[in-house]
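Kindly produce the complete structure, drawing on both the sequences and the hints.
Those protein sequences? They're chains P and C, same order as listed.
The numbering of the first sequence is this note's numbering, which starts it at 119 and goes up by one.
The numbering of the second sequence is this note's numbering, which starts it at 119 and goes up by one.
It should be emphasised that the hints constitute simulated quantities derived from the structure, not laboratory data.
Please note that a few of the clues may not be correct.
Computed list of lysine to aspartate or glutamate pairs in EDC-like fashion (alpha-carbon distance at most 16 Å, straight line) [claimed, not checked]:
1) P/K244 / C/D236
2) C/K140 / C/D320
3) C/K140 / C/E192
4) C/K140 / C/E191
5) C/K244 / P/D236
6) P/K140 / P/D320
Which residues of chain C face chain P? A few of them, derived with a C-beta cut under 8 Å, are [unchecked claim]:
7) H167
8) Q182
9) L184
10) A185
11) I186
12) E188
13) R211
14) L215
15) N216
16) P223
17) R265
Examples of chain C residues lying across from chain P (beta carbon under 8 Å, computed) [stated by the list, open to error]:
18) P166
19) T193
20) A212
21) Y232
All values reported here derive from a predicted model rather than from experimental measurement.
Note that beta-carbon positions come from the ideal geometry of N, C-alpha and C, so glycine has one too.
The residues making up each chain are set out below.
Protein chains: 2
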Amino acid sequence: MQLYSYFRSSASYRVRIALAWKRLDHDYLPVHLPRNEHHARGFAELTPHQQVPVLQDGDQVLTQSLAIIEYLEETHPMPPLLPADAAGRARVRALALNVACDIHPPANLRVLRYLLHDLNVGEERKDQWCLHWVQQGLQAMERQLARHPATGRYCHGNQPTLADVFLVPQMFNAQRIGCPLDALPTVRRITDACLQLPAFADAQPSACPDAA
Amino acid sequence: MQLYSYFRSSASYRVRIALAWKRLDHDYLPVHLPRNEHHARGFAELTPHQQVPVLQDGDQVLTQSLAIIEYLEETHPMPPLLPADAAGRARVRALALNVACDIHPPANLRVLRYLLHDLNVGEERKDQWCLHWVQQGLQAMERQLARHPATGRYCHGNQPTLADVFLVPQMFNAQRIGCPLDALPTVRRITDACLQLPAFADAQPSACPDAA
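In structure tokens form, the structure reads like this:
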């Protein structure tokens with residue numbers, strides 16, 4: 119398998135964790151987003167989607183981090199990243215989608231570029247925008263995790279799941295942009311627990327071959 | 119089952135299609151988003167997520183449209199909304215996630231409110247913002263659908279899938295905001311084919327009990 123990744127892309131980090139958790143050998147192929155390598159001809163021919171991560175498995179070219187990880191879960195079920203029961207799976211997927219659909223997209227690189235270059239909002243209001251969505255989204259995660267009886271050492275019980283795979287990269291992003299984390303005790307506790315696992319720690323941005 | 123929905127919410131429309139496709143009886147409980155009923159105390163107690171759709175199945179309170187539909191697929195597999203093979207499932211999920219993660223979130227109600235009330239960009243630039251993300255996202259969908267040998271009468275082969283369930287509500291939104299559709303022949307052809315199916319047509323916004 120070949121993984122096209124950018125070290126700072128939190129969607130790429132999700133797939134790096136899943137590959138590490140399932141101990142799947144792969145080549146790491148860096149795609150430098152600030153230099154627009156995802157729009158370069160060769161990459162656009164591989165994937166008209168023109169985003170990272172992309173996972174190539176034989177002749178399959180897989181896009182969208184959640185679809186890639188669900189594919190890995192189906193083709194390499196052990197060790198699992200989803201619980202066995204349908205209700206538990208729904209809760210774990212919903213927590214992951216909180217990150218994928220609500221927190222991450224407004225602070226995406228192409229959205230920030232539009233704010234700066236098309237709406238001319240300036241750096242300060244661009245940074246406030248990022249903080250707003252990340253802080254509001256992580257507070258919603260905190261409410262959902264702190265109140266729920268299924269929350270354990272990790273987001274769902276005492277084994278890491280898809281929910282943790284999405285939460286931890288988002289927390290790296292939150293720290294990078296200076297988001298206050300004081301009001302997020304459950305989210306922080308779970309993140310710390312995850313980072314004691316090699317699959318989460320070894321896949322972090324600073325450990326990537328393309329890290330500056 | 120009880121579905122909490124707002125007629126114009128495209129995420130709610132996705133779940134309405136899935137429930138209709140699988141012929142699952144349910145009560146329809148309207149939540150009026152412009153009147154902020156999703157932040158009202160009763161609803162916030164049901165779900166700290168404070169968004170529609172919510173599906174209640176016995177004592178399970180399910181959030182996030184994709185997680186809800188995956189749950190319905192697992193608990194009521196027939197008729198299916200995912201193909202049988204892992205590669206096909208990955209393609210269908212990636213197409214659905216293009217809508218859920220890339221096209222829909224920047225044009226979400228709370229994002230538009232922030233643009234208007236916090237960034238004061240004005241109505242015209244807010245409308246351009248919406249058009250930009252919807253148009254760019256649907257063009258990416260068109261490239262992925264038009265070029266791929268697995269595209270059939272629907273997004274993936276000749277049976278509707280999760281990808282169609284996400285595409286059709288996005289096309290309703292695109293039409294509502296006046297997005298030009300000329301350059302999207304494949305996307306339009308598939309949408310028209312879906313709307314010939316009662317599950318897609320009967321779940322459309324104007325057919326909902328809370329439609330104006």
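- Query: Which hint numbers does the structure go against, in order from smallest to largest?
  - Reply: The structure conflicts with no hint, since it agrees with every one listed earlier.
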